[in-house]
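Trainee: Here is what each chain is made of, one letter per residue.
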Amino acid sequence: MKILLVHANNPSNWLSCQMIRDNIVKMYSLLPNTFEVRHAALAAEAEATRFGRLRHLQNFVRICLDWQPDKIAFVDNLPHPLEALTALRFASCHLPELIFHVYGNFTWEAKNWFELGELTKGTRARFFAASPRQKKLVESFLLPQENPRAPSPVEVLPFAVDNQRFIWDAKLRQLGRTQLGLSDDTKMIFYSGRLSLQKGVDRLIQLVVRAATLSRAPLCLVVAGTYDDRGAPLLGLPMTLGCAFKKMDLATKDRAVGKLFKFVGSINNGDLSALYCAADAVASIGFHHDEDFGMAIAEAGMCGAPLLLSNWGGFASFNVSTQCQLVNSKLTPGGLEFSNFDALTKLVRLLSPIFSPAARQEQAGLFAAKFSVPQVAARLHTLLSPPQAHSQIATTGIEPNTPLFNGFSDHLFQFSQSFREDSPNFSALIATGALYERVYRHYLEAVHAH
Amino acid sequence: MLIDIERKLTEKPKSNAAPQTEESETINWLADFISLNRLFPKVSDSKVGELLRMLWPFAKDHVGPALPCFLMTGPAAGWLMKRQQVLCRDGALPLLNYSYDHPTPPPCKVLVAEELLPLLPEAWRPRTRGFRYVCRTVFTEQKRPKKLILTGLVHDLFASTATLKSTLESLTSLWGPQFYQDIEILTQFRFVPKIGLKTMDESEWWEFSRILESTLHGQHRVLKSEELLNLSIDDTVAYCEVNSRLLVSDSYLTHFFLSKGAGLIGDPTKALMQDSDLAFSHYHGVSVTENDAIATRPRPTTHELTALKSVATLVAGDCQAPWQDWMELWMMHEPIIWSR
Numbered sequence: 015m016k017i018l019l020v021h022a023n024n025p026s027n028w029l030s031c032q033m034i035r036d037n038i039v040k041m042y043s044l045l046p047n048t049f050e051v052r053h054a055a056l057a058a059e060a061e062a063t064r065f066g067r068l069r070h071l072q073n074f075v076r077i078c079l080d081w082q083p084d085k086i087a088f089v090d091n092l093p094h095p096l097e098a099l100t101a102l103r104f105a106s107c108h109l110p111e112l113i114f115h116v117y118g119n120f121t122w123e124a125k126n127w128f129e130l131g132e133l134t135k136g137t138r139a140r141f142f143a144a145s146p147r148q149k150k151l152v153e154s155f156l157l158p159q160e161n162p163r164a165p166s167p168v169e170v171l172p173f174a175v176d177n178q179r180f181i182w183d184a185k186l187r188q189l190g191r192t193q194l195g196l197s198d199d200t201k202m203i204f205y206s207g208r209l210s211l212q213k214g215v216d217r218l219i220q221l222v223v224r225a226a227t228l229s230r231a232p233l234c235l236v237v238a239g240t241y242d243d244r245g246a247p248l249l250g251l252p253m254t255l256g257c258a259f260k261k262m263d264l265a266t267k268d269r270a271v272g273k274l275f276k277f278v279g280s281i282n283n284g285d286l287s288a289l290y291c292a293a294d295a296v297a298s299i300g301f302h303h304d305e306d307f308g309m310a311i312a313e314a315g316m317c318g319a320p321l322l323l324s325n326w327g328g329f330a331s332f333n334v335s336t337q338c339q340l341v342n343s344k345l346t347p348g349g350l351e352f353s354n355f356d357a358l359t360k361l362v363r364l365l366s367p368i369f370s371p372a373a374r375q376e377q378a379g380l381f382a383a384k385f386s387v388p389q390v391a392a393r394l395h396t397l398l399s400p401p402q403a404h405s406q407i408a409t410t411g412i413e414p415n416t417p418l419f420n421g422f423s424d425h426l427f428q429f430s431q432s433f434r435e436d437s438p439n440f441s442a443l444i445a446t447g448a449l450y451e452r453v454y455r456h457y458l459e460a461v462h463a464h
Numbered sequence: 521m522l523i524d525i526e527r528k529l530t531e532k533p534k535s536n537a538a539p540q541t542e543e544s545e546t547i548n549w550l551a552d553f554i555s556l557n558r559l560f561p562k563v564s565d566s567k568v569g570e571l572l573r574m575l576w577p578f579a580k581d582h583v584g585p586a587l588p589c590f591l592m593t594g595p596a597a598g599w600l601m602k603r604q605q606v607l608c609r610d611g612a613l614p615l616l617n618y619s620y621d622h623p624t625p626p627p628c629k630v631l632v633a634e635e636l637l638p639l640l641p642e643a644w645r646p647r648t649r650g651f652r653y654v655c656r657t658v659f660t661e662q663k664r665p666k667k668l669i670l671t672g673l674v675h676d677l678f679a680s681t682a683t684l685k686s687t688l689e690s691l692t693s694l695w696g697p698q699f700y701q702d703i704e705i706l707t708q709f710r711f712v713p714k715i716g717l718k719t720m721d722e723s724e725w726w727e728f729s730r731i732l733e734s735t736l737h738g739q740h741r742v743l744k745s746e747e748l749l750n751l752s753i754d755d756t757v758a759y760c761e762v763n764s765r766l767l768v769s770d771s772y773l774t775h776f777f778l779s780k781g782a783g784l785i786g787d788p789t790k791a792l793m794q795d796s797d798l799a800f801s802h803y804h805g806v807s808v809t810e811n812d813a814i815a816t817r818p819r820p821t822t823h824e825l826t827a828l829k830s831v832a833t834l835v836a837g838d839c840q841a842p843w844q845d846w847m848e849l850w851m852m853h854e855p856i857i858w859s860r
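First to last, the protein sequences are chains A and B.
With the working numbering as the guide, the letters of the first sequence map in order to residues 15 to 464.
With the working numbering as the guide, the letters of the second sequence map in order to residues 521 to 860.
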C-alpha cells in the first residue's frame, strides 16, 4: 500500500505541534514493509512566497500523478490541506483515500474545513482525532451518512509521545530537584506550556497558595513555558503584548506567593523530562479552545507524574489511574465554571501520599501502553489495514471500505463566520444557548476512560 | 493525614484570610480582557490615529508595569491622574510638541527614553525619569549572536538612509568587519511614502536597499511582515531596529523580540537586567534613571541634536540654540505632522 505523507517544508512554530508531527512521521516509518511511504512538502504559509508555494504545490501534484498513492495523509497542523487538494482537483487527479490528522486548530480553521468538505464530497476520507472528545466535536459537524450503519469517518488516534525521551527515571528526578534547589520534603507542582489567558496559570497559582495553607510539606509551583498574548482569538478577545506577563506578575506580586513560585522559562525536551520526573504533581487547569489532546500532559504521564487537570477537552483521555484527577467543570448560563473546591481537594489528595517510585513506574507504564510511539503506531497500523482483515465486519454488516465522505454541515460554516479574531463574540461568553455551547459541550461530555 | 486535610477543607473559614470552602469560579475572560487590554487612552485625534496606524507594528499597543502610551494621543489629565506613572513612547518630535503645548508636566511620573530627556523643559524635570531597555540576554565577544533581525520603516522620520548607514557602521565597529558574513541576517523594512506632509521619493527606497545590499553583501533573507511576528526566537537572536527615534522612542517590536528572549545589539544602552528594574517580561524590562542623574545631564549637545538635525527640512541653523529658540525654530519650519 502506497501512502503519501504531506507536511510543511519547515517545522511549525508551535513546539508541541513540531513534536506531534515528528512523532506521527515516526509512526508511519514503523509500519510494516507492506506499506510504502513517501513524503511531499507544502510551503509553510507564513514563510512562503507565492512562487515558493506554487512550486511546492506543483511538486505535490506531480508526485500524486506519477506515483499514484493509495492514501494521502496530511500530518501537519499547517498549512491546511485545502489548497493542496484544490490543486489536485485542478490537475484532474483522482483523489485517493484521504487521511487527515486533526489538530486542536480544527475550530480555528473551520472555514477551510468547510470548504474542504465541499471539495472532497464523495471521496473516501478519514479524520484521525487525538481524543474521544475531539472525535465527538468533529463528528458534530459532519453531514449524516446515507448508510446509518456505516462506520464514522472520524477515528481516535492519540498523538504519540517519544518513549525514548519521556520516561520515569529516579536519577532524573534527583537531577531536576537539585537544579531547582528543592529540599527533599518539598512537594513540587509543575506546569509546562504556554502562559496565556485560556491556560489558567493564574488560577493555578491561587490554588497552590491555598493548598500551601493546608499542606504540612512546603510546596513549590514551578512554571515552564513562554508568555503568549494571543488571548482568546476565537472569541475575538486578542490580548496586547505584555498582558500575559502582567497578569502573572500581578498574581505573584505578593511576597508570600512569590516564595512559592519559580518561573524557569522555556525548557528543552531533555530538561523537561527531568522536571516531569522531579514533580510531585503536574497541573493544567485551563480551558483552551485548542485543547484537543494535551501533549505536555501526555509527556508528563509518560514520566509517571501524578496529574491534576481540568475536565476539559482531551485531558479526559489521561484519566488512566487514580494518579490522574479531573477537576469538575461545567458549562452554565454564566459561562464555563470551574470548581476551586474540587481542585483544592484533588490537589491535596495527589500530594498527600509519600513519594513512591513504584507508583511512578506504574503510572509511566500505563501511559506508555496508551501513548508511546510504538503503541500508537500499532493502532495506526490497524486503522490503515484493509477492513477485510477484521473478521467482525462480516458479521456486523458494516461497509467493507472506508465510507464515502459527505462533507460538513452548514453548522461548521456558521461557526466559522461567528468566531473570528476580528469580530468579538460576546454571546459566547454567556455560554448557554449560544453556538459556543453547542460546539464546546463536547469538550465536557463524559467519555469512557481508557 | 488526608482525613485531617479534608476536615480542614470543609471547615467554615474563621477569617477572610482562611481558605474558602464550597466555591466555583466562572471563567471570565472578558473581564481579564477589559482589565488588561483596554488600559490605553482613546485616540480622539484622527490625524494621530492615522499616524499610529502608519507606524504599524512599531506603534502597536503593548502593556507593561509602567503604562506605555503615546502622549501625542492627548490623554486627558483625569486619565493621567489615575496613573502612578506612564512610559512615554513618543519620539523626539511629538514629545517636543506635547511639552510645548503642556508647559506643566502631566500629573503623574513620566518615564521618557533617556536620550530624549534633555529635550524636555525645566518644569518637567521633577516629574520625569529616564528609561532604557535592559535584558537578560546580553551579547559579548564570548557570546556572539547567531541570528540578527533588522527592521524599520523606510522614511526620513523613522529610518533614513543616514540612520541605516550609521546603524550598520556602529554594528561593524562593535563586532568587527566580518560580522555580517558570520551571522544569519533577517530583514524586514517597509517603505512609507508619506508621513503627514512629508513625502518620500521612491528613489530613497532604492538607495536604502542599495546600502543594505552592499553592506550585507546580499546575504540577508527578506521577511514578510506576518513572518516577522512568527519567528522562533531565543537567546541567540539579536534585534536591531533602525529607528532615529524621531517619531517612536519605544517600539512594539523591541518589546516583542526582547520578551521572547532576544537581545539588543548595537545599542550602547544595553545592560543586564537587575531585580530592581521594571520587568516587562521574564527576559526584559526597563531600568529607570534616578532624578539626580538627569539633573547632571547636560542640555542637548551638538552630537545629540545632530540626530534631529538629520531631518534637514525640519531643523536648520544653529544646533547650539537654547531650548526655547530651538523650539521656535522648529515651529517656524512648520512641523510636518502636527501643523496647526
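Just so you know, these hints were derived from the structure itself, not from any lab.
Careful: at least some of the hints might be erroneous.
Stated by the list, open to error - With a cut-off of at most 25 Å between alpha-carbon atoms, the simulated BS3-like pairs for lysine-lysine come out as follows:
1. A:K267 to B:K567
2. A:K150 to A:K125
3. B:K714 to B:K567
4. B:K667 to B:K685
5. A:K150 to A:K135
6. A:K267 to B:K714
Trainee: For the pair supplied as a hint, A:K267 and B:K714, is the alpha-carbon distance within the 25 Å limit?
Mentor: violated (45 Å)
Trainee: For a C-alpha distance cap of 25 Å, please report whether B:K714 and B:K567 respect it.
Mentor: OK: B:K714 and B:K567 at ~13 Å, within 25 Å.
Trainee: If you draw a straight line from the CA of A:K267 to the CA of B:K567, is it 25 Å or shorter?
Mentor: violated (39 Å)
Trainee: Going straight from one Cα to the other, do B:K667 and B:K685 come out at no more than 25 Å?
Mentor: Given pair B:K667, B:K685 holds - Cα atoms ~20 Å apart, limit 25 Å.
Trainee: Tell me if the straight-line CA distance from A:K150 to A:K135 falls inside 25 Å.
Mentor: Distance ~20 Å between A:K150 and A:K135 Cα, so the pair holds.
Trainee: Keeping to a limit of 25 Å between CA atoms, is the pair of A:K150 and A:K125 held or broken?
Mentor: holds (19 Å)
Violated hints, in rising order: 1, 6; the structure is consistent with all others.
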